[in-house]
Every structure is written in structure tokens, then in C-alpha cells.
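Next come the chains, spelled out residue by residue.
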Amino acid sequence: MNLPIPYADPMPLPAPIWLLRTLLLLTFFLHVIFMNCLFGGITIALVCALRRKGSSFSARLAGDLGRLLPSIFAFTITLGVAPLLFLQVMYGQFLYASSILIGVPWLAIIGIVILAYYGVYFFSMKGEHGMAPVVLALVLLLLASVAFIYSNNFTLMLSPERWLDLYHNGANGWNLNWSEPSLLPRYLHFVLGALGISGLGLAVLGLRQKEDGYRGWLIEQGTFLFTGATLVNFAAGFWFLAKLEGPARLAFVGGNGLGTALLGIGLLLPLAAVAHLVMAKSSKSPNRQLVIGVSCGLLTVAVMVAMRDLLRNFALAPYFSPNQLPVVPQWKIIVLFLVLFGAGLATLYYMLRKVALATMIQAAAAQKLQ
Amino acid sequence: MNYPIWQLGFPGGLLIAAIAVLHVFISHFAVGGGAYLVLTERRAYAHNDSELLGYVRHHSKFFALLTVVLGAVTGVGIWFTIGLVSPEATSSLIHTFVWGWAIEWVFFFVEIAAALIYVYHWDTLDRQPHLIIGWIYFIAAWASLAIINGIITYMLTPGRWLETGKFWDGFFNPTYWPSLCIRTAMAACLAGIFGLVTAMWQPSAVRERVVRWSGWWLALGIASLLPLSRWYFHNLPSYSRAYFSGAFSAPYIAVRHSLRGAAVCAAVALILTLVFALLRPKMMNPVVVAVLLIAGFGVMGSGEYLREFSRYPYVINSYIYANDVRVGQKEGIVANGVAKTSPWVHASANNPQVYGRQLFVVECSSCHSVDGYRAMRRFTRGWDAKFGSEVLLHLPVIRETMPPFAGDANDRAALGSYLVSLAPATPSGENEKELGQHVFTIHCALCHSVGGERRPLDLKGTDADSIAGMLGTLSDINSDMPPFTGTDAEGRALAAFLSNPGK
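The listed protein sequences correspond, in order, to chains V and S. The first sequence runs contiguously to residue 370 in our numbering. The second sequence runs contiguously to residue 873 in our numbering.
Because the hints were derived from the structure by calculation, they are not lab data. Check before you lean on any hint, since a few could be wrong.
With a straight-line cut-off of 30 Å between C-alpha atoms, the simulated DSSO-like cross-links for lysine-lysine are [claimed, not checked]:
| no. | chain 1 | residue 1 | chain 2 | residue 2 |
| --- | --- | --- | --- | --- |
| 1 | V | 332 | S | 536 |
| 2 | S | 431 | V | 126 |
| 3 | S | 710 | V | 354 |
| 4 | S | 756 | S | 803 |
| 5 | S | 710 | S | 652 |
Since the structure is predicted, the reported quantities are computational estimates derived from the model, not experimental observations.
Can you make the complete structure from the sequences, with help from the hints?
Here it is, written out as C-alpha cells:
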């Protein structure tokens with residue numbers, strides 16, 4: 001069967017594949033962490049906003065999240081731009097084709113994100129307003145729909161065999177990838193993952209608190225959220241695995257060494273994270289246990305990001321591999337990018353350090369006054 | 371041709387324009403507004419002006435809400451949209467400038483981080499570090515503009531890149547510097563305009579000072595636009611300049627209107643600024659500010675429209691046509707036909723119009739619709755199938771904005787047949803003169819006028835039989851002309867009309 005796969009851009013890749021893939025996975029990992037904290041953070045904020053009157057900790061957490069969420073939203077978007085860039089360089093012909101086929105929902109993401117972003121600012125500025133829970137619920141719904149559209153596009157780009165039918169039945173872009181068997185479990189797996197990782201975010205927020213009561217409560221709630229979401233996510237993960245196309249599924253269960261190893265590690269790491277987080281409460285060094293638990297959770301995300309990339313390569317293997325593309329590295333500009341990237345990180349460090357120092361001085365001054 | 375076409379029912383370029391104009395309006399404010407914030411803050415400290423400081427704190431919140439949310443997300447929106455509407459060109463831009471985009475992303479990241487810290491930490495940070503972070507914001511925002519400017523100007527004037535294919539040749543292209551200066555001046559204008567917007571919410575004591583201060587930004591920005599625009603214009607390729615100078619035969623009315631519109635908007639803005647901001651700041655009011663906002667939007671929108679228009683028939687000059695067909699690919703498509711080139715169309719032997727409809731989508735729909743924007747139905751009324759096919763060989767002659775048709779004879783016949791089917795009509799008239807005039811409208815008026823400016827046909831007084839004889843040899847007279855495809859009676863009527871158009 002002749003599939004309508006567009007030819008790759010005739011220009012050679014301006015960097016070796018390993019570099020592009022490293023940057024793709026690194027920036028995507030960072031994006032996922034922020035995105036998870038955003039999605040889960042809004043869910044938590046919604047619960048806290050509803051429980052505000054009955055629980056002082058909930059009210060306090062709602063206030064903290066109101067301050068944090070706009071920045072988390074900003075960095076979710078900013079960190080999402082880079083992986084989308086590197087993805088287009090390596091897999092552009094697949095991504096453009098599938099995006100066009102679902103053009104309407106794909107472009108709607110922009111409007112939805114703007115609305116959700118302003119919703120988060122509303123909560124940030126008017127957290128105690130009676131409408132805050134309603135706004136948060138809407139924001140959650142909007143972001144859940146963004147995630148669903150992403151799941152559609154990133155599965156459709158792997159299925160060129162469906163493209164012509166979709167095009168001839170709906171060239172106006174009103175399509176979704178409903179016939180993909182793994183669509184719903186994949187979506188559920190990622191959404192539950194986001195809730196779980198935001199639990200880790202709560203634990204980290206707790207670790208940064210000085211007041212014992214609030215600190216303990218945050219860590220407890222975070223542990224509970226991570227554990228609960230992760231355990232349910234095991235079921236979603238297996239469902240996802242079961243719904244993958246034969247060759248891709250087989251690759252993760254013995255067919256491919258790296259895929260199988262990553263699946264094994266990806267199963268063990270979250271269990272290790274849960275164990276450390278749960279043990280922290282009765283441990284002599286709870287902070288250490290918590291840090292190990294959170295690290296295991298973050299490593300789980302890294303493994304999942306790598307598995308997701310492998311899945312894409314397994315699915316596209318019959319048609320394409322970026323390794324087929326000619327490469328003419330633009331080393332001088334790559335070096336310039338790396339230098340500026342380093343300078344950007346240094347600038348970021350400088351700014352955050354200034355804020356941290358100023359905050360510490362203010363806190364010390366306030367304590368002195370008391 | 372390589373990709374499916376998103377069939378919106380209207381040209382996708384309109385969608386790009388809508389999102390892009392909104393984005394550039396806010397994003398230029400994001401650049402100029404950064405300098406405005408930090409210089410206003412410094413001014414407040416220097417004059418020990420707590421009211422001005424109160425104003426700039428308030429302005430910074432408005433600034434963040436507008437630029438960090440709407441500005442940043444619509445920027446991503448342009449990227450989404452161009453990928454949907456011109457995937458071939460987007461892919462090319464990404465591949466040519468991936469490290470440019472990556473560097474721009476670094477600045478974007480720093481810009482967003484600095485903006486959030488600047489806005490959220492007025493009370494936390496001391497004056498000096500707060501000002502430094504404001505400067506970091508501005509430098510990152512301007513650097514981001516400077517990089518995107520390289521990519522946008524490359525699309526119009528790729529310069530030596532066409533021969534060398536080298537990154538820096540494309541980036542520092544002939545319009546890079548003038549464009550960067552224009553955009554910087556525009557950023558200053560928008561900083562001033564939005565400064566006036568938030569000044570309207572201030573108590574009158576500080577309002578007057580802010581109005582005058584913002585007025586200077588606006589006045590200097592507008593005043594520099596004219597010389598900078600002339601510099602930019604002189605660096606345009608000659609075919610782009612011809613759209614503005616009227617050297618082309620077709621009257622590009624939209625270009626003239628946009629130029630005049632931009633000039634009027636700039637003049638109005640300058641006069642209002644001088645009167646209401648610099649001379650009589652007490653008189654500044656929300657209505658004048660609203661007019662200034664609209665004028666600023668007018669200048670920005672017209673400028674972007676003219677830049678885009680002057681790039682026609684290309685989306686990347688001399689490299690990719692506006693309909694996303696690569697220049698280097700065209701000959702192959704002419705030799706092999708579209709059906710063998712694009713997996714998204716399939717030739718229908720039984721119904722050429724069905725195939726023709728697909729070809730219309732592939733070749734024409736990036737700029738034309740059937741009935742809406744740049745509608746084709748009104749142009750094709752009365753065409754016959756042969757004319758419909760032949761005329762496709764002469765598209766760049768009809769309008770310089772149009773890419774040449776990429777397809778073989780079978781494709782031309784199918785698309786011609788589809789175009790003819792849009793408005794079937796037989797030339798008619800109550801007398802030979804009227805019939806002749808009608809035939810002229812159908813067969814000649816795409817390129818010629820009688821007594822007008824556009825390639826005037828002055829055959830008045832020439833013997834009608836001689837003209838009728840010429841109709842059989844049009845391609846010999848000028849190879850840019852399609853053959854006359856009307857009936858003998860229509861030819862005689864046309865000759866009679868041209869011989870004596872006045873009566």
C-alpha cells in the first residue's frame with residue numbers, strides 16, 4: 001500500500017542525531033515536570049479552594065499555589081517550545097501531516113491555553129473569590145482537553161496508514177484520532193502520571209517549609225497523591241501496553257533489549273519512590289528518604305520520556321528513521337547556542353539567587369521584628 | 371503538494387495574518403515596554419517620585435498580563451498556524467535556522483523568567499538588582515526580536531543564502547538591519563502608547579507626567595519610522611519595490627491603500643502625540659488614547675501586510691512559492707503531473723472536474739477561495755475549457771503575485787475545466803458591440819484595458835478585419851498571450867469592439 005508520507009525536508013540536518021535527540025528528550029523531560037506540576041497543581045488548588053473554609057492548611061496551600069501556578073504555567077509553555085522545535089527537525093514530515101489532519105483542535109490549543117492561563121491568573125489574584133473553584137474547574141477541563149488533543153496528534157503522527165481516510169473524510173481539519181486503540185489508555189496514563197508527579201511537587205513544597213505542621217501536612221498529602229495516582233497508573237500503564245500495535249508492544253516485552261530494560265526500570269522506580277516516601281514518616285532521616293523518593297519519581301519520568309521516544313521510533317520503523325537523513329552539522333552555531341544556553345542558565349541562576357537572598361534577608365528582618 | 375491541505379473554506383494566509391498581527395502588536399510592546407519599565411523606574415528613583423514609582427508598578431502588572439500570556443502564547447500560535455498552512459516552508463525555515471530558533475528560545479526563556487521576577491519582586495528586591503533584572507528582561511526581549519527578525523527578513527530577501535546556503539548569509543540578509551531598526555522604533559512607539567493606556571487609570575497628578583514621558587517615546591518612535599522605512603525600501607529586491615512604485619502593470623490597489631493607511635495612521639498618531647501628550651498633556655483622554663492604539667495597530671498591521679505582499683509570488687523568495695511548491699520542484703511537476711507527485715490527490719479519469727477541484731486546493735487555495743476572499747468565481751465567468759487550460763500557462767503575466775502553474779497538460783485541462791464550471795456563461799450582447807465588450811472582458815481584461823492604465827490596447831481605428839486576423843496569431847505576437855479560444859462570431863465582435871471601442 002502506498003502511504004502518503006511526505007518526503008523529509010531536502011535540507012540536511014544541522015546537527016548529529018544524538019545531539020538533537022538529547023536536546024529533544026532533555027527539554028521534553030523538563031517540560032513534562034512543569035506540565036505535571038501545572039495540571040496536578042490546578043487539581044490540588046481546586047480541591048483546596050473547595051475545602052478552604054474547613055481546613056486552614058488547604059487555605060494556605062491554595063494561597064501558595066496561587067503564587068506559584070502562573071510561573072509554572074509560563075515555564076510549562078516556554079519549556080514546551082524547545083522539544084517541539086527539535087521534534088519538527090527530526091520528525092517534521094509526520095508531525096505536520098497529522099497536525100493538518102486535526103487542524104481545528106490542534107490550533108484550538110492556542111485559544112484554550114490563553115483562556116486557561118488567564119483563568120490561572122484570576123485564581124492567583126482573586127483566590128478567595130466565590131467563583132475561584134468554578135474557574136479552576138474550567139481551567140482543569142481546558143488543560144485536560146489540551147492534553148487530549150496532544151495525545152491525538154502524537155498518536156496520529158505515528159499512523160500514516162490512517163491519514164488518507166481522515167483527509168478524504170474531513171479535509172477541513174475537524175478530526176481526532178479516535179480509531180487509535182491506545183489513545184485513551186495513553187491519555188489516562190499521562191494524566192495520572194501528571195497527578196502523581198504533582199504529589200511529588202507537594203512533597204518538595206513541604207520540604208521547603210519551616211513550620212512543622214504545614215510541612216508535615218504537605219508531605220503527607222503529596223505522598224498520598226503520588227502513591228494513589230501511581231498505583232492506579234500501573235493499571236493504566238498495562239492497559240496502554242496491551243493496546244499498543246503488536247511489534248511496538250513486543251519490543252517492550254523482550255523484543256528489544258533497551259525497551260524491555262526501560263519497562264522493567266520504569267516499573268521498579270515508582271515502587272521505590274512510593275516505598276521511600278511512605279517510609280519517610282517513620283524513618284530517622286525522613287528528609288533523606290523524601291529526597292530519594294522524589295528523585296526516584298523524577299527518574300521514573302525520565303525513563304517514561306525515553307520509553308515514549310522509543311515507542312515513536314518503533315512505530316515509525318517500517319517507514320522512517322531520522323538516522324536515514326543526511327547530516328551536515330553547523331558546529332560553530334551549535335557552539336554559539338551552547339555558550340548562550342550556558343549564559344542563559346547563569347543569568348537565571350543570578351536572578352534566582354538575588355531573589356533568594358532578598359527573601360532570606362526580608363525573612364530575617366521580619367523575625368527580628370517579632 | 372507534499373502535505374495535505376487544510377481546507378478551511380478561506381485562504382489560510384488570512385488565519386496567519388489574524389494571529390500574526392495580534393502577536394506582533396503585543397510582542398513589540400513586550401520589547402519596547404521592557405525598556406520603558408526600567409527607564410521609568412529609574413526616572414522615578416532619580417526624581418524621588420513615589421507616584422511615578424506607583425504608576426510603573428501598576429504598569430508592570432498590566433505589562434506582564436498582556437505580554438507573558440497573550441503575547442507569548444500567540445507567538446507559539448503563529449508557529450502552529452504556519453505549520454498548518456505552509457508546512458513545506460515551515461519545515462524549510464526550521465531546518466535552515468534550527469539553531470537560530472534554539473538561540474531565540476534561550477532568550478525567550480530568560481525573558482519570561484526576568485519578566486516574572488521583575489513583576490513579582492518589587493517588594494523583595496532592592497532597587498539596584500530590580501533594575502538589573504529589568505535590563506536583563508529588555509536585553510533578552512530585544513535579542514529575541516533580533517533573531518526572529520533575521521528569519522523573517524530572510525524570507526523576503528534571502529540574499530547570498532540562495533547561492534551559499536550558509537546560515538549567516540541568510541540571517542544577515544539585505545533587509546536585516548533596516549528591519550531591525552524599524553521594529554525597534556515600532557517597539558518604542560508601542561511602549562509609549564501602552565504607557566498612555568495605563569496612565570489613564572492614574573490620578574491626575576502623576577498622569578500628566580506619565581503622559582508627557584510616554585509622549586516622547588511615541589514621538590521619537592514615529593519620527594524615526596519614515597527615514598527607516600525609506601532605508602528598508604531601498605534594500606528590497608527590485609520586483610518587491612515594483613509593487614509599491616506601480617511599475618507592474620496590474621493595479622495593486624491593496625498595496626496603495628495599505629501604504630496610504632500606514633502613512634495616515636502615523637501622521638495622525640504624530641499629531642495627536644504632539645498636541646495631547648507633549649504640548650497639552652492635561653488634555654489627554656481615553657478617546658485620544660484609543661485613537662492612538664488604533665493608529666498604532668494600523669501602522670503595524672499595514673507594515674506586516676506590505677512586507678508579506680511584497681514577497682509574492684514566494685513565501686521564501688526564489689526558493690518556495692506562496693502555494694508551498696518548491697521552485698526547484700516545479701519542473702518535475704510540470705513533466706510528471708501533480709497526481710504522480712502528490713500522494714494527496716488522485717486523478718479521476720471519469721470526472722476531470724473532481725480532479726480539477728483537488729488541483730485548485732493544492733495550487734490555488736493558499737490565496738484564493740471560490741466565493742469569499744480573492745474569489746475565483748467572478749474571474750472565470752464565461753471562460754471556455756480551452757481558455758481555462760491555456761490561461762494557466764500565463765499566471766505570473768496576469769498578476770505578478772501568482773506563482774507559475776505547476777502541472778502537466780492534463781492537470782491544466784482538469785483545473786481549467788473546474789474553473790470553467792464555477793461560472794458557466796456564454797458571451798452575449800444585444801448587439802455586436804456589446805458582445806465584443808463581453809468577449810473582451812472574458813478573454814483580454816485579465817491583462818489588458820481599453821483606454822485604461824493596464825497594458826492598454828489602443829487599436830482604435832485599426833481595420834476590424836485586421837484585428838480579427840491578429841486574433842489567430844496572438845501567441846506569435848507575444849508568447850505571453852494565450853491563444854484566442856472564442857468562436858468566429860465572438861472574434862469578429864471583439865475585433866469590432868477594439869476597432870471602435872468608443873461608440
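Status of each hint after checking the structure:
no.: 1; hint: V:332 with S:536; in the structure: holds (12 Å)
no.: 2; hint: S:431 with V:126; in the structure: holds (14 Å)
no.: 3; hint: S:710 with V:354; in the structure: violated (62 Å)
no.: 4; hint: S:756 with S:803; in the structure: holds (24 Å)
no.: 5; hint: S:710 with S:652; in the structure: violated (69 Å)
This entry does not satisfy hints 3, 5, going by the numbered hints stated previously.
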